[in-house]
Every structure is written in C-alpha cells, then in structure tokens.
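Asker: Please work from the sequences and hints to get the whole structure.
Each chain, letter by letter, is given below.
There are 2 protein chains.
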Amino acid sequence: MKNKSNIRDVAAAAGVSVATVDRVLNKRPGVRAQTVAKVEAVLKQLSYRPDVYAARLSKNHSLRLVFVVPRGHNSFMDLLVEALHETAENLAYERCFIDIRFVDAFDGQAVAATLNSLTPEDGDGVAVVAPDAPLVAEAINGCIARGLRLVTLVSDLPSSSRQHFVGIDNVAAGRVAGRLLGRFCAGQCGSVALIAGSMTLRDHVERHLGCKQVLQAGFPNLKVLPVEEGQDLAEPTASAARELLNKHPDLIGIYNIGAGNRGLVKALREYPGRQIITIAHELTAISRQALVDGTFDAIICQDPAHEVRSAVRLLRSLCEGGEIVRSQERIRIEIFLHDNLP
Amino acid sequence: MKNKSNIRDVAAAAGVSVATVDRVLNKRPGVRAQTVAKVEAVLKQLSYRPDVYAARLSKNHSLRLVFVVPRGHNSFMDLLVEALHETAENLAYERCFIDIRFVDAFDGQAVAATLNSLTPEDGDGVAVVAPDAPLVAEAINGCIARGLRLVTLVSDLPSSSRQHFVGIDNVAAGRVAGRLLGRFCAGQCGSVALIAGSMTLRDHVERHLGCKQVLQAGFPNLKVLPVEEGQDLAEPTASAARELLNKHPDLIGIYNIGAGNRGLVKALREYPGRQIITIAHELTAISRQALVDGTFDAIICQDPAHEVRSAVRLLRSLCEGGEIVRSQERIRIEIFLHDNLP
DNA sequence: CTAAAAATGATGTACGTTGATCATATATAG
DNA sequence: CTATATATGATCAACGTACATCATTTTTAG
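In order, the protein sequence lines correspond to chains E and Z. Numbering (my numbering) for the first sequence: 6 to 347. Numbering (my numbering) for the second sequence: 6 to 347.
Check each hint, because a few of them may be wrong.
Any copy will do: because identical chains look the same in the list, a pair fits if it lies in one copy or spans two.
[Said to hold, decoys possible] As a list, the in silico DSSO-like pairs of lysine-lysine whose alpha-carbon atoms are at most 30 Å apart:
1. Lys-64 <-> Lys-49
2. Lys-9 <-> Lys-64
3. Lys-228 <-> Lys-252
Honestly, the hints are just simulated from the structure, not real lab data.
Answerer: Structural data, given as structure tokens:
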C-alpha cells in the first residue's frame, strides 16, 4: 500500500531514460529486446501502472460511444433509453460522449443498415440491441472489421464476433420462472401456459427452453401448454391470455416470457374468479402495480441502468485498454416479489 | 454533446480572468458577490464542470480509506474481505488506498475502540461493519466530529450520524424469506421455525420482523414458532435445528436468519425423511452446495463485492465532493434458486 | 575499420486544474 | 482627496503521462 511509482522511478530503477520506458510502455519501436525485457521486469517489480488521470489528461481523448436501440418498442426499452440519457449526462464530465441511434422497432434490416453505416468517424465503440438474425451478425462483424469495438446489449448474437454480451442469462431466467411457477403451484394439478413475444427472438426462445426444462423435469403435476405468441404487444397478448383462460379451465399458471404485460393484466382482470399464478418480466409501472395488487406473483428483471453502465465500462476498457472487473459486469437476474420492490 | 468547455472558456465568456473563475469555483474569498453571480451564470450556461482527470492530477491527493471489519467471523465476512482485497488492488492505480482493520469478532467494545483511535491522520474515510450498540454509535459520531467521512457496511446504525448505509433492506429481505417460505409450503399445514444468530443484532431482528409479518398476514396455514438463536455458529445452529426437528413433528419450514449454515445443513441431513423447506442467507461454498443438492430451497444474498465498491464510491464522493448515482448504490436483495446460481 | 542503421538519452510541450504569488485596479473609509 | 482595503488580473509551477524532436551513443553490416 505504498505510494505509486511513476515513470521516472521506473526509468531510474531500470537504468534507462524516461523516453525508453515510454517506448516500452506504449510499444513504440526502436528498443532492443534485451532492454524491453529489463524495463518490463522493473515494471512488474514496482507493479507500475500508468496513472489513469494523468494518462487521460495527456491523451486528451474523448471516448465516443454509439448506442443503437429500438425506439418506442416497449416500456422496458423506454427505461433503457432513460438510463442511457442519465448515464450520458454523468459521463459527459468524464470525457465520454454517447450518441443514441434509434432504429424503428425490432427490425433486423434497419439495425443492420444502421450498423453498416457506422465508421470510426462516428465513434470508438458501439452497443447494440438487436434480434439474432444473420444479417445483423454480418453487420456486427463488419463494424468490428472496421475497427470499432462492439457489445451486444439485452439480446445476444453469439454467432457474431461481438466482444461482449451485456445482459442476463435468459435460459437461467426461464428456469427461475419455471421453478417459481412450479413451486407456487405446489399441491395443485393443472395446465400452465407460456406466452412469448415471438419465438424468433433469441431471448424468448431461451427463456421458454429454461422454463419448460424445469417444469417438465420437476413438476409432473403441471401440464405445459404449447407456447403462445403475443408479439410483445398489449392486445395480442391479451387475446392469447383470454383464449388460454377460455380453452383451459384447469389453467393455473402463466409465464409471460416477453412484453405485453398491459394486455396480460387486462385479460386476467376479466376473470376475477380464476386464481392464476402469474410470472412476468421487467419492472415497469404496469407490472409493478400488478405485483402490488396480486395480479402478478413474481417479476423477473434485469436492471437497465446497470446494463448501460456495464456496456459503457466494457467499451471503455476495450477502447482504452483498461481492466475488466468481471464480477462488476455480471448482470443479475433480479427477482421481485410483492415484498422487495425497490 | 459538444466538446467540454474549460476554465479558460469560462473566464473569456464571463469577461474575467482565469484566476477569478478559479476563486469562484473553489469558493476562495476575495470576489465580489456580483462577480461571483456573473461567473456562476456563465458556469451554468456553459454547463461547465472541472475535468475530473485534470483535477485529480493537479491535486495529486491520494484517498485513504479505512475498512473496519470483523475477522474470522463467518464465511460471508471472508467473502467481504476477499472482495476488499481485490478492490484494493484495482484501486491502488486510481490513487485510492485501502487499509483494513480487523477487529476480533463481532464485539462492540473492540469496534468502538478501533473507531475512537481513528484520526484524519489514518485516512479520509471509514467504512465499518459493526453491531448496533450505543457505544459504537458514539464512536461513529466521534469519527465524524473529527472530520472523517463514514459509512456503515452490511449492518446499519441509523441512530448514529453515519453518512450512508451500504447494505440491503433487511426487513424486506425477511419479507422475501417469509413469502418464499409461505408459497413453497403451499397446500400444507404445519410449523415453521426461524433461527437467528442473535436477536441483539439489528439485521437479524429486522429480518425476523419482516418474515413474521408476511407469514402471519398471508399464511394462516403456517404456525410460526418462537425464534431460536444459533449465535451465527455451526454447532449451536445445528443443535437448535435438531431440537426443532425433534420437538415439532409438523415442522415444514426453516428460515435461517443468520450464519451457521454449516450446522443447519448437517442437522437437516440427519433427518432424511423430513421434507423441510429451507431458506438461508448468503452464498458460500456450503450454502451453494446445499442449494444444488436440494437441502436448501432458496438463498437470499447481498453481493459483498458490490457492497465494497459502493462503499468506496460513496466515500470517495463524500471526500472529494463528487456526484452520487443513487441507482448504482442500491444494494440488491438477490435471490438464488437451484436454477440461477452464478 | 568505417558507414550506415538502430537504440537510447535529453529535452520540451501539451493536457486542464490547483493553488500559489505579486502586481494592479477599483472601491471604501477617513 | 488621500490612504487603505478589497477585487481582480497576470503569471507560474506543479501533477504524471503522451508524444515528438533532435542529439548522441551503440550496434551491425559491409
């Protein structure tokens, strides 16, 4: 815990000039391998690391990040954008500027087009919320080929060469939903229904998978109905829920994999006699209210503000070569019950 | 999102010298109120904020923080100390040095003595894990009177003048435990037992309170037995569990409020015929294994690494006058099931 | 052994703020 | 109207790194 050593100390200890240490540190050419080794030994011995503040000041380089996010898609995305604005405001005083590019809806074509238009002129790093389509993966690879650093946000494209994924493990989230659904239905027999936004969305497929796994393996008393699709919209989700309630008098549980909570709540309220264990995703005004009044039994969340901060930290590290503290970047699967709402 | 303005821009815009702007910024005396107002108007208009990096570099001031934590208390504290070491290592390169002061066990006297010995010579800020005793609260107030910034960690002393509490809402945590216990026992009747470490510890009292509230209000099928005390140690906790299992054939649930999970697991394994829904706190090697093999049904956690980082950020803001991003400092009540272990 | 090439040293400027000092301008008291 | 406060301007040296330039030394090729 002693005082930090600076570049001068290193030079003195290695018996070379400051200029040479600088050359080694910044991998500039013109230093004999032997000298490099000597300097690096001293660097390690003194556990030298450049002073972050001096370095940033000296480089006087602003980090420019581009966030590509769907506009007006759903309440969760609204929260994400809100967090983005808030973070951007704070970051402006740390030499980091965020440019938000909205793409209309969750449209692979549009996202790909936007990504393809990005060059190092536009920014140093990119975070993108995109569906897992080949077109998009290709566009991501293009960005990286052009020298941009890129992370996927909320929804992953593991087939692309994105440098990180910032978001939750959706299979695990699905398993949690299945477990809660199963246990909350303890002692009962009946059907449970899963409503996805669309089974073309990777995160929905993964949640569905996880949930079904757990239910089938651990809860033989429950019959898992074929998955419905609510297009992440209120009305289609409401229709799907109504149909399920009508068609299956033994329905005792619903897991809403995607968005459209507004519709689900509306439909459930039309059947006050039915006691349906309901689990949904993301904490918004609607879902929060539903949890408070007992319409929902649990909400599974990811914290959009944390995701934004994590994406920024990761991109900064990728661009400026800093350390990554893994544990800090783990996006938690948060579980909210009636009792621990923030 | 334009380029940052610097102190020179402000001076030019306000029609004063850089020195005067500096006087205003750092609240130095010798500036007419009228001039102050003029400069401040420009500051706001240009939304100027001093460059963090230049400021830190110039001040060339290292932040020294003291963490007062119990040694060898339990696995959770071990995790906390581990996180502390890791964080300290990273922070050393950001001009922040952490000094860990161990106090023997969870002893108010010892903590108070350590706190009383701290002066601005020892550090700029203090984070302390301490029981909620008047002696400790007094020592905390003393630290603050001496000009130190102080936050409580994990366990709060709201009666003291500590500047922040870094930890979870323990009443809410207890409510979550109660809710899960209640719902996981759905369809059954019987007794549930709560085992605290000691009902003199504030966090244990709060968890007990929250849990009992929820169980009594929402689950009339369950009878809440009088709270037992396991002293946060394996053996006493095991004894308490054994006695409960022997004395109450209708026991169907246990909530271990404090530590001593090792003992609880041991006792439960001695009664393989009994199906006891069990909820405990903190993710350690023992509790993790118990969750995996089904001995435990849920674990409620706080992330010690997050708590350490949060404490550091808060103390840094308090000492250096930075911004506090509230949402980033919210310590989550994490819930782990068999399905979402990290 | 010499010439060219490569490695290293010495030195300086820039980054934006802090926190001084000293000089000068303006306001206020007597 | 002077004498004295008070305000303000001008200037400078840190802080530690990055990066550039030019001089000098050492190494290598021929």
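Asker: Please flag the earlier hints that this structure goes against, numbers listed from lowest up.
Answerer: Checked against the structure, no hint fails, so every one of them is satisfied.
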